[in-house]
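K.L.:
Construct all of the structure, not just a fragment, from the sequences and the given hints.
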Amino acid sequence: MPSFDLGAHGLRALNSNLHALKGQTNETQWDIVNPRGSHAIAVGVDAPVDITVHGSTGYYCAGMNKQATVRVKGSAGPGVAENMMSGTVIVDGDASQYAGATGRGGLLVIKGNASSRCGISMKGIDIVVHGSIGHMSAFMAQSGNLVVLGDAGDALGDSLYEARLFVRGNVKSLGADCIEKEMRAEHLEILENLLRRGEADAKARPEEFRRYGSARKLYNFNIDNASAY
Amino acid sequence: MCGIVGLFLKDPSLEPKLGAMLADMLVTMTDRGPDSAGIAIYSGARDGIGKITVQSAQPEADFRNLDEDLKNAIGTPVLLLIKSTHAVLEVPLDQLEAARTALAHLRPAVKIMSVGDSIEIFKEVGLPKDVAARFDIARMKGTHGIGHTRMATESAVTTMGAHPFSTGSDQCLVHNGSLSNHNSVRRTLKKAGMTFETENDTEVAAAFLSHKMEDGAGLGQAMEATLTDLDGFFTFVVGTKNGFGVVRDPIACKPAVMAETDQYVAFGSEYRALVDLPGIEDARVWEPEPATVYFWER
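In the order they appear, the protein sequences are chains B and G.
Counting with full-length UniProt numbering, you get residues 1 to 229 for the letters of the first sequence.
Counting with full-length UniProt numbering, you get residues 1 to 298 for the letters of the second sequence.
You can take every hint at face value.
Derived Cβ-Cβ restraints for the label pairs, each shown as a range:
(1) ASN220/B - ASN181/G: 30 to 38 Å
(2) ASP215/G - GLU192/B: 53 to 61 Å
(3) GLU192/B - TRP296/G: 43 to 51 Å
(4) ALA192/G - ARG210/B: 44 to 52 Å
(5) ASP215/G - GLU162/B: 48 to 56 Å
(6) GLN263/G - HIS54/B: 22 to 30 Å
(7) GLU15/G - SER3/B: 32 to 40 Å
(8) GLU207/B - ALA192/G: 57 to 65 Å
(9) ASP231/G - ILE179/B: 28 to 36 Å
(10) THR28/B - GLN263/G: 40 to 48 Å
(11) HIS54/B - ASN183/G: 45 to 53 Å
(12) ARG46/G - SER159/B: 57 to 65 Å
(13) ASN183/G - SER173/B: 28 to 36 Å
These aren't lab readings, by the way, just hints derived from the structure by calculation.
Small disclaimer: the values here were computed from a predicted structure and weren't measured.
By construction, the Cβ of each residue, glycine as well, lies at the ideal position given by its N, Cα and C atoms.
P.N.:
Quick look at the structure:
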């Protein structure tokens, strides 16, 4: 079980060690100590390993993650799990702005709150937030699921494509072209699965959520809107 | 980018360490802006004493006999403490305005950084560690302070373009972001009698707050007004003689992290700036909400 002291050895040594892990490896458990809010911790990992960061992280922790499970025992700065491809990222505390931005796959779990622009332009990632999310979340979100046990801020899902948004609490306002939609059996099934995988099944039941999605009115140019551009 | 740090002490036992804590915090933010750096320290008011912090490009010539010359002009003793390109002049509080007027005649090239009975501002072009060393910030004590390291976007990299900006007695402001309507706000403020040293957008924000407070607004009210009257991106951290405030614009893309314990309230552009503060592990750490004013006063 490698333990890595980031304060002593530095970011470049950490990430080059992690990048050297390819395919099957016996070094499956990594503990990173002394993160001290550093940027770009465990970015670009591409191996089925478990990485635990003991403390809070700065910008872009676990960005572009593939296969790995990264757990942050603290809070995460801006852009956690940005453009994640697969794997799992779990933040025990809060996440700053644009958590999971542009993510293409995998699961991002935030046990606390996420601030503005959570899941902006998400493209297939699943995000489960145990707390609340800030304004402009899921802006231009294309696919994947965003599950929020708390409240959502202003302009949720503005210019949304086909991502599904599930919110249990209040939505301060919906963005352009985002509407509430009927919750069908298939959605309850998705929620049941994500709540369990997101370590939230003891906190909330699928029936407590509302579903929001795209009204699909902004997909094509509409000449009647020309004056608005 | 730009990096901001701030510290408002609740526990007087930390006051001797204020400068050292703030300088360390600022150095961690160096890679957010290497152009210039500055620190405002509220060192605590002493009965009847007023302070003017001045800066000169030719400190040897300008500061030579400045205390004697000023004493002769205003007729009361003056204490002069030179720190590199800056100097702090101590005069009787009721002679502050007279001293300021006399300075403009005696040393026209000298720039005034701050005026008040607690505030001192030191700022120069260069890295935070060099600026902090040059002014011996680590040995300064005080009740609260604000630091800034600048990545210039709106105006030139000069001493006067560095933050903090002070446009009123014992007031200062630092800024991460850029304002888009600063020219029109500056014109309005000029008509109302405010004066400006630079073309910098942040100076306009500082003067906007000073003007509101001159008109009777409290710190919180003045900060609320920035949300309606100033357009652009901003995270502001503001100091007054007894107060410390934070406000972010409604879009809030300029980062901000705060921490509070029984001993202090701290601000950092990033969590990295806060990691060495005492008791940070158990502090309440949060991100200030968009378009929300936070302030503390003692």
